[in-house]
Amino acid sequence: MTGRRKLIAGNWKMNGLKAHLSEVSAIAKLAGARDDIDVALFLPATLIAAAAPLADGVLIGGQDCHQAQSGAYTGDISAAMLVEAGAGATLVGHSERRAYHGETSADVAAKAAFAHGAGLKVVLCVGETLETRELGDEEAQDWVVDQLLASLPEGADPDWLTIAYEPVWAIGTGKVATPPQIAAMHATLRAALVARLGEKGAAMRLLYGGSVSGDNAADILHLPDVDGALVGGASLSAAKFAPIIAAA
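Under our numbering, the first residue of the sequence shown carries the number 82, and numbering increases by one thereafter.
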């Protein structure tokens, strides 16, 4: 570690109604008890405005934003809209967006740049499919590095950009990459970031995501170059999120 502060981020995906805002309050209470890490929740857009006042000490974010300021993009949400709703961050490039909505790495880079321009912090996601992983560890690493470099926006800076490595085959499946696999991928991504960005690449946070739970969080979070976690299902309740925060 080089002084990079741990970030524990929850992605609620298409889950959560106003009845679940009590979980946001409870997670904020957990975060408030820690002054040595950062905690974030990426919520459905419908909950951001209601959650922001309840989330003192927690960074509230959207799960995606469009790369245009406004326009005829039915169903999309702009970075300015997220900011107005009370968000301070957004995800871009999540594998589910890439797979289900056909987002390219060029799209992801444009979204990241536009979100930053609107004042949002950005968590940019990368990760390989099972088919790519089965080609071998080296092939998987090369593939993810190529995706990362193609997704990096101009002006990428650790002050506002974080990278999340999520092997697609481990998202919501209960499967988790082994500690050696995670360590090797993070070391490779770190080297690629340093080669591209220099000192900024050394300072940029790298999160791991993919079936992170209270049972495995400590083993994952203490690996070299793992600066936090992007958590799915276990972030929906404070009770399940608490041991992951504690493990940081």
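It is possible that part of the hints are untrue.
Said to hold, decoys possible - Taking CB as the label site, the calculated pair distances span:
1) TYR181 <-> ALA276: 30 to 40 Å
2) TYR154 <-> GLU235: 32 to 42 Å
3) LYS256 <-> MET95: 38 to 48 Å
4) TYR181 <-> ALA231: 11 to 21 Å
5) GLY152 <-> GLU215: 35 to 45 Å
Stated by the list, open to error - In silico DMTMM-like cross-links for lysine to aspartate or glutamate, where the CA-CA straight-line distance does not exceed 25 Å:
6) LYS87 <-> ASP296
7) LYS321 <-> GLU280
8) LYS94 <-> ASP296
9) LYS110 <-> ASP157
10) LYS281 <-> GLU215
If you are wondering where the hints come from, they were derived from the structure by calculation, not from laboratory data. For clarity, every value in this text was computed on a predicted model and none was experimentally measured. Even glycine gets a Cβ: it sits at the ideal position worked out from N, Cα and C.
Okay, the hints, checked on the actual structure:
no. : hint                          : verdict
1   : TYR181 <-> ALA276: 30 to 40 Å : holds (32 Å)
2   : TYR154 <-> GLU235: 32 to 42 Å : violated (22 Å)
3   : LYS256 <-> MET95: 38 to 48 Å  : violated (21 Å)
4   : TYR181 <-> ALA231: 11 to 21 Å : holds (19 Å)
5   : GLY152 <-> GLU215: 35 to 45 Å : holds (41 Å)
6   : LYS87 <-> ASP296              : holds (18 Å)
7   : LYS321 <-> GLU280             : violated (36 Å)
8   : LYS94 <-> ASP296              : holds (22 Å)
9   : LYS110 <-> ASP157             : violated (32 Å)
10  : LYS281 <-> GLU215             : violated (32 Å)
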